[in-house]
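Undergrad: Below, each chain spelled out in residue letters.
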Amino acid sequence: MNKTKATLLASAATVLATTAGAQEISDDTVKIGMILDLSGAYSALDGQGSIAAVEMAIEEMGGEINGTPIELLTADHQNKADIGSNLARQWADQENVDMILGGANSGVGIALQDITSEKEIAYINNGAATAALTNENCAPETGLHWTYDTDALANGTAVAMVKEGKETWYFITADYTFGHKLEENAAEAVTANGGEVLGSVAAPFPTQDFSSFILQAQASGAQVIGLANAGTDTQNSVKQAQEFGVVQSGQSLASLLLFLTDVDALGLDTAQGLTLTTGFYWDQDDAAREWSNRFEERHGAKPTMVQAGMYSSALNYLKAVQEAGTDDAKTVVAQLKEMPIEDAFARNGRVREDGLMVHDMFLAQVKTPEESEGRWDYYNIIRTIPGDEAFRSLEDGTCEAIKG
Amino acid sequence: MSDSTNTTESARSSGGWLSDVRLWAAIGLVALLILPHFLYPVMIAKILCFALFAAAFNLLLGFAGLLSFGHAAFFGFSAYVTGYALQTLRLSAELGILAGVAVAALLGLVIGLLAIRRQGIYFAMITLALSQMVYFVALQAPFTGGEDGLQGVPRRPLFGIIDLSTNMDVYYLVLAIFCIGIFIIYRAVHSPFGKVLKSIRENEDRAISLGYDADRYKLLAFVLSAALSGLAGSAKVMVFQLASLTDVQWQMSGEVVLMAVLGGIGTMLGPILGATIIVSLQNELAQVGSLSTIVQGAVFVICVLLFRRGIVGEIGPRLRRWRDGGEKDK
Numbered sequence: 001m002n003k004t005k006a007t008l009l010a011s012a013a014t015v016l017a018t019t020a021g022a023q024e025i026s027d028d029t030v031k032i033g034m035i036l037d038l039s040g041a042y043s044a045l046d047g048q049g050s051i052a053a054v055e056m057a058i059e060e061m062g063g064e065i066n067g068t069p070i071e072l073l074t075a076d077h078q079n080k081a082d083i084g085s086n087l088a089r090q091w092a093d094q095e096n097v098d099m100i101l102g103g104a105n106s107g108v109g110i111a112l113q114d115i116t117s118e119k120e121i122a123y124i125n126n127g128a129a130t131a132a133l134t135n136e137n138c139a140p141e142t143g144l145h146w147t148y149d150t151d152a153l154a155n156g157t158a159v160a161m162v163k164e165g166k167e168t169w170y171f172i173t174a175d176y177t178f179g180h181k182l183e184e185n186a187a188e189a190v191t192a193n194g195g196e197v198l199g200s201v202a203a204p205f206p207t208q209d210f211s212s213f214i215l216q217a218q219a220s221g222a223q224v225i226g227l228a229n230a231g232t233d234t235q236n237s238v239k240q241a242q243e244f245g246v247v248q249s250g251q252s253l254a255s256l257l258l259f260l261t262d263v264d265a266l267g268l269d270t271a272q273g274l275t276l277t278t279g280f281y282w283d284q285d286d287a288a289r290e291w292s293n294r295f296e297e298r299h300g301a302k303p304t305m306v307q308a309g310m311y312s313s314a315l316n317y318l319k320a321v322q323e324a325g326t327d328d329a330k331t332v333v334a335q336l337k338e339m340p341i342e343d344a345f346a347r348n349g350r351v352r353e354d355g356l357m358v359h360d361m362f363l364a365q366v367k368t369p370e371e372s373e374g375r376w377d378y379y380n381i382i383r384t385i386p387g388d389e390a391f392r393s394l395e396d397g398t399c400e401a402i403k404g
Numbered sequence: 001m002s003d004s005t006n007t008t009e010s011a012r013s014s015g016g017w018l019s020d021v022r023l024w025a026a027i028g029l030v031a032l033l034i035l036p037h038f039l040y041p042v043m044i045a046k047i048l049c050f051a052l053f054a055a056a057f058n059l060l061l062g063f064a065g066l067l068s069f070g071h072a073a074f075f076g077f078s079a080y081v082t083g084y085a086l087q088t089l090r091l092s093a094e095l096g097i098l099a100g101v102a103v104a105a106l107l108g109l110v111i112g113l114l115a116i117r118r119q120g121i122y123f124a125m126i127t128l129a130l131s132q133m134v135y136f137v138a139l140q141a142p143f144t145g146g147e148d149g150l151q152g153v154p155r156r157p158l159f160g161i162i163d164l165s166t167n168m169d170v171y172y173l174v175l176a177i178f179c180i181g182i183f184i185i186y187r188a189v190h191s192p193f194g195k196v197l198k199s200i201r202e203n204e205d206r207a208i209s210l211g212y213d214a215d216r217y218k219l220l221a222f223v224l225s226a227a228l229s230g231l232a233g234s235a236k237v238m239v240f241q242l243a244s245l246t247d248v249q250w251q252m253s254g255e256v257v258l259m260a261v262l263g264g265i266g267t268m269l270g271p272i273l274g275a276t277i278i279v280s281l282q283n284e285l286a287q288v289g290s291l292s293t294i295v296q297g298a299v300f301v302i303c304v305l306l307f308r309r310g311i312v313g314e315i316g317p318r319l320r321r322w323r324d325g326g327e328k329d330k
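Chain order of the listed sequences is A and Z.
Here full-length UniProt numbering is used: the first residue of the first sequence is 1, the next is one more, and so on.
Here full-length UniProt numbering is used: the first residue of the second sequence is 1, the next is one more, and so on.
It cannot be assumed that every hint is accurate.
[Stated by the list, open to error] Label pairs and their in silico Cβ distance ranges:
{"no.": "1", "chain 1": "A", "residue 1": "293", "chain 2": "Z", "residue 2": "33", "range": "31 to 41 Å"}
{"no.": "2", "chain 1": "Z", "residue 1": "305", "chain 2": "A", "residue 2": "120", "range": "45 to 55 Å"}
{"no.": "3", "chain 1": "A", "residue 1": "331", "chain 2": "Z", "residue 2": "129", "range": "49 to 59 Å"}
{"no.": "4", "chain 1": "A", "residue 1": "298", "chain 2": "Z", "residue 2": "159", "range": "48 to 58 Å"}
{"no.": "5", "chain 1": "Z", "residue 1": "289", "chain 2": "A", "residue 2": "381", "range": "28 to 38 Å"}
{"no.": "6", "chain 1": "A", "residue 1": "386", "chain 2": "Z", "residue 2": "154", "range": "31 to 41 Å"}
[Said to hold, decoys possible] Short, incomplete list of chain Z residues facing chain A, as computed with Cβ under 10 Å:
{"no.": "7", "residue": "37"}
{"no.": "8", "residue": "38"}
{"no.": "9", "residue": "130"}
{"no.": "10", "residue": "134"}
{"no.": "11", "residue": "136"}
{"no.": "12", "residue": "139"}
{"no.": "13", "residue": "152"}
{"no.": "14", "residue": "158"}
{"no.": "15", "residue": "160"}
{"no.": "16", "residue": "241"}
{"no.": "17", "residue": "243"}
{"no.": "18", "residue": "244"}
{"no.": "19", "residue": "286"}
{"no.": "20", "residue": "287"}
{"no.": "21", "residue": "288"}
[To be verified] Below 20 Å or equal to it, Euclidean Cα-Cα: the simulated SDA-like pairs (lysine to any residue) are:
{"no.": "22", "chain 1": "A", "residue 1": "239", "chain 2": "A", "residue 2": "287"}
{"no.": "23", "chain 1": "A", "residue 1": "31", "chain 2": "Z", "residue 2": "163"}
{"no.": "24", "chain 1": "A", "residue 1": "119", "chain 2": "Z", "residue 2": "165"}
{"no.": "25", "chain 1": "A", "residue 1": "119", "chain 2": "Z", "residue 2": "155"}
{"no.": "26", "chain 1": "A", "residue 1": "119", "chain 2": "Z", "residue 2": "152"}
{"no.": "27", "chain 1": "A", "residue 1": "119", "chain 2": "A", "residue 2": "141"}
{"no.": "28", "chain 1": "A", "residue 1": "119", "chain 2": "Z", "residue 2": "31"}
{"no.": "29", "chain 1": "A", "residue 1": "119", "chain 2": "Z", "residue 2": "163"}
{"no.": "30", "chain 1": "A", "residue 1": "31", "chain 2": "Z", "residue 2": "152"}
{"no.": "31", "chain 1": "A", "residue 1": "119", "chain 2": "Z", "residue 2": "289"}
{"no.": "32", "chain 1": "A", "residue 1": "119", "chain 2": "Z", "residue 2": "156"}
{"no.": "33", "chain 1": "A", "residue 1": "119", "chain 2": "Z", "residue 2": "40"}
{"no.": "34", "chain 1": "A", "residue 1": "119", "chain 2": "Z", "residue 2": "288"}
{"no.": "35", "chain 1": "A", "residue 1": "119", "chain 2": "Z", "residue 2": "169"}
{"no.": "36", "chain 1": "A", "residue 1": "119", "chain 2": "Z", "residue 2": "168"}
{"no.": "37", "chain 1": "A", "residue 1": "31", "chain 2": "Z", "residue 2": "165"}
Treat the hints as calculated values from the structure; they're not laboratory data.
Virtual Cβ for every residue (Gly too), placed ideally from N, Cα, C.
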């Protein structure tokens, strides 16, 4: 009799305990879903390396939060917005995913933003360049943009170079929204700081032969040739600028979007002297170096800014869940906005009202082969650009949700 | 291919229940009506969109013998038009879809007029080139959102009254669209018009010598195929609430060829089965890592090596032979 009573009491207690737990963290797991490019153009700078980075973040938390296990799902969006959004919907409806980490590809990135805000799941994007994520397509209660955006890259490079006295610019622009946006941002920054834009030429996207565009840029006599393009376009234009001796003849070449893996692919002979802005460089300081070495042991390459950003966003999300004691998206995102973001990736980071993670960016110049001590030793950090200077100010944003 | 349709007709006249099209269509429809209660509705709706797209493409390749490498233009561009109509012009669902179909048909008329002047590989190249022009328009036109695409397209009510806000509602809308589209294709293929198309496919010169204006028939088939592809693209916008560059890219033109060839060109069921396989593969393999494109390629190679007439194209005649053999034994 007594024994049955005790068992009953015990089971009642267990039931109570589990329901109490369920109120805090839904279905007793913290589920993170990653939707990124694992097989296409972005798989080197994002891809498996990003998964490894997030796994490192989960391990750092001990694989659990206050006894609740953390689970990781990953999927390849194949650079198709419908596949990405289908996965996100399915994960939200059937897997009870608590947070989605989105990778490179702006189209997929915005599609995920819409779905996660509708389903009230936390969403952090690393890798999509579009500034729309915290402007016209913002979802400040659930969606954050972590590593970089077009504004920060264009702005960072342009302001810093004008301040160094390189005042006249000429742009070679990829002829589509992304390229024009980059050029527009950079040109604004150049003129606002007393520089002058001498002209620009729109190159079809994608272009194999940049020779005529490079000749026009050389003939303009501008001090800086700004490359408002990405991926293979950047690689081709940099290679051909090298063949035309652009840097050797005294002009500077500035790439408005370049990843460490791009430099690795180009080789230092070709890429040397290129100026760029990056959100992270593995050799930027001790904390970054220590983490990056562990990452390299695991993945076989140094992390790009996107991969480091994935680590940072997962880690801080998990810390915020721990702090808030719940995985409710809005509560956790609000918690993230309270926390200072400081880890192997971010310096002086904070999540702004509109969902943009503002942190220090770095102006870097690609080393010469003589300066470099080996593979991955590619950048000289010229200057740290404080977050407020690099990113678009809150007043200039167009996020309706926070303007009220 | 031609004999398969002939045997279907002779089998139907012999009256075996196995070849009763209406019976099978009814069974299929019932299955599709209850399926979303067991499987994820958005996923099946996506399969239906691509199945319609592949079937529309097959109307041209399988029945008129015209290999178009530019069908993504109709599929993708109508998606943009529908998206724009729903989002910016705030039209109701059916008007948005109609606008998409109309633009796709018009596009089909222009591209078709130019392309049918040539045959074979040149026809394919012209459609590819013109569809690339459509792609660049989609990339640069101000209303398409460039590489961001049109996002968050609202699911406006049908006729202004029927609510489409849940996935289930949209699924049934897409199912209706799919049935209408497939019915149109079925009717077209089995009409005198379809017979003339097949004769043009088999021997264009003879068809002309018999007094048929081959170009007019080909153009009509092209426009019909383009309009139905557009219908599929517009339906997809209703499902995913987005229109993106993926759908106008040349890879999509290739994917629809893959779907039709894998399932079996010149059959009614083939493209539907092919689309189901490819879309499910893409979705399932997405979660296994970097395999999806490799597996898709392998599936295509296996298909071309082992069953050149596609899955339905190989299995169909075999089933029929088995059944006919059985009947003779009695």
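Undergrad: Does each hint hold? Answer for all of them.
TA: Hints, verified against the model:
Evaluation of the 31 to 41 Å hint for residue 293(A) and residue 33(Z) yields a failure: the beta carbon distance comes to about 58 Å. At about 49 Å, the beta-carbon gap between residue 305(Z) and residue 120(A) stays in the expected band of 45 to 55 Å. Distance hint check: the CB atoms of residue 331(A) and residue 129(Z) are about 54 Å apart, consistent with the given range 49 to 59 Å. Residue 298(A) and residue 159(Z) have their C-beta atoms about 57 Å apart, which keeps the hinted 48 to 58 Å range intact.
For residue 289(Z) and residue 381(A), the Cβ-Cβ distance of about 35 Å falls inside the hinted range of 28 to 38 Å, so the restraint holds. In this structure the hint that residue 386(A) and residue 154(Z) lie 31 to 41 Å apart at CB holds, the actual value being about 40 Å. For the restraint placing residue 37(Z) at the interface with chain A, the shortest Cβ-Cβ distance is roughly 14 Å, beyond the 10 Å limit, so the hint is violated. Because the closest C-beta pair between residue 38(Z) and chain A is about 12 Å apart, greater than 10 Å, the hint is violated.
Interface restraint check: residue 130(Z) against chain A, minimum CB-CB distance 17 Å, threshold 10 Å, status violated. For the restraint placing residue 134(Z) at the interface with chain A, the shortest Cβ-Cβ distance is roughly 15 Å, beyond the 10 Å limit, so the hint is violated. Annotation: residue 136(Z) was flagged as interfacial toward chain A, and the flag holds, the nearest CB pair being 8 Å apart, inside 10 Å. At its closest, the beta carbon of residue 139(Z) sits 5 Å from a beta carbon of chain A; the interface hint therefore holds under the 10 Å criterion.
With its C-beta approaching chain A no nearer than about 4 Å, residue 152(Z) sits inside the 10 Å limit, and its interface hint holds. Taking 10 Å as the C-beta contact cut-off toward chain A, the hint placing residue 158(Z) at the interface is violated, the least distance being around 20 Å. At its closest, the beta carbon of residue 160(Z) sits 23 Å from a beta carbon of chain A; the interface hint therefore is violated under the 10 Å criterion. The criterion of a C-beta within 10 Å of any C-beta in chain A is met by residue 241(Z), whose closest approach is roughly 7 Å, and the hint holds.
For residue 243(Z), the suggested interface contact is upheld, since its CB lies about 9 Å from the closest CB of chain A, less than 10 Å. Interface hint at residue 244(Z): satisfied, since its Cβ lies 4 Å from the closest Cβ of chain A, which is below the 10 Å cut-off. Interface hint at residue 286(Z): satisfied, since its Cβ lies 4 Å from the closest Cβ of chain A, which is below the 10 Å cut-off. With its C-beta approaching chain A no nearer than about 5 Å, residue 287(Z) sits inside the 10 Å limit, and its interface hint holds.
Annotation: residue 288(Z) was flagged as interfacial toward chain A, and the flag holds, the nearest CB pair being 8 Å apart, inside 10 Å. For the hint pairing residue 239(A) with residue 287(A), the CA-to-CA distance comes to about 33 Å; that exceeds 20 Å, so the pair is violated. Of the supplied pair hints, the one linking residue 31(A) and residue 163(Z) is violated, its CA atoms being roughly 32 Å apart against a limit of 20 Å. Distance hint between residue 119(A) and residue 165(Z) is fulfilled; the C-alpha atoms sit about 13 Å from each other, no more than 20 Å.
For the hint pairing residue 119(A) with residue 155(Z), the CA-to-CA distance comes to about 16 Å; that is within 20 Å, so the pair holds. Under the criterion of a C-alpha separation no larger than 20 Å, the hint pairing residue 119(A) with residue 152(Z) is consistent with the structure, at around 13 Å. For a cut-off of 20 Å, the pair hint linking residue 119(A) to residue 141(A) stands: about 12 Å separates their Cα positions. About 29 Å separates the Cα atoms of residue 119(A) and residue 31(Z), which puts this hinted pair outside 20 Å; it is violated.
For the hint pairing residue 119(A) with residue 163(Z), the CA-to-CA distance comes to about 19 Å; that is within 20 Å, so the pair holds. The straight-line distance between the Cα atoms of residue 31(A) and residue 152(Z) is roughly 25 Å, outside the 20 Å bound, and the hint therefore fails. Between residue 119(A) and residue 289(Z), the direct Cα distance comes to roughly 25 Å. Violation of the 20 Å bound is thereby established for this hinted pair. A distance of roughly 19 Å separates the Cα atoms of residue 119(A) and residue 156(Z); the hinted pair therefore holds under the 20 Å criterion.
Under the criterion of a C-alpha separation no larger than 20 Å, the hint pairing residue 119(A) with residue 40(Z) is consistent with the structure, at around 16 Å. Of the supplied pair hints, the one linking residue 119(A) and residue 288(Z) is violated, its CA atoms being roughly 24 Å apart against a limit of 20 Å. The suggested pairing of residue 119(A) with residue 169(Z) holds, with an alpha-carbon distance near 17 Å, which does not exceed 20 Å. Taking the CA atoms of residue 119(A) and residue 168(Z), the gap is about 16 Å. The hint holds against a cut of 20 Å.
Under the criterion of a C-alpha separation no larger than 20 Å, the hint pairing residue 31(A) with residue 165(Z) is inconsistent with the structure, at around 27 Å.
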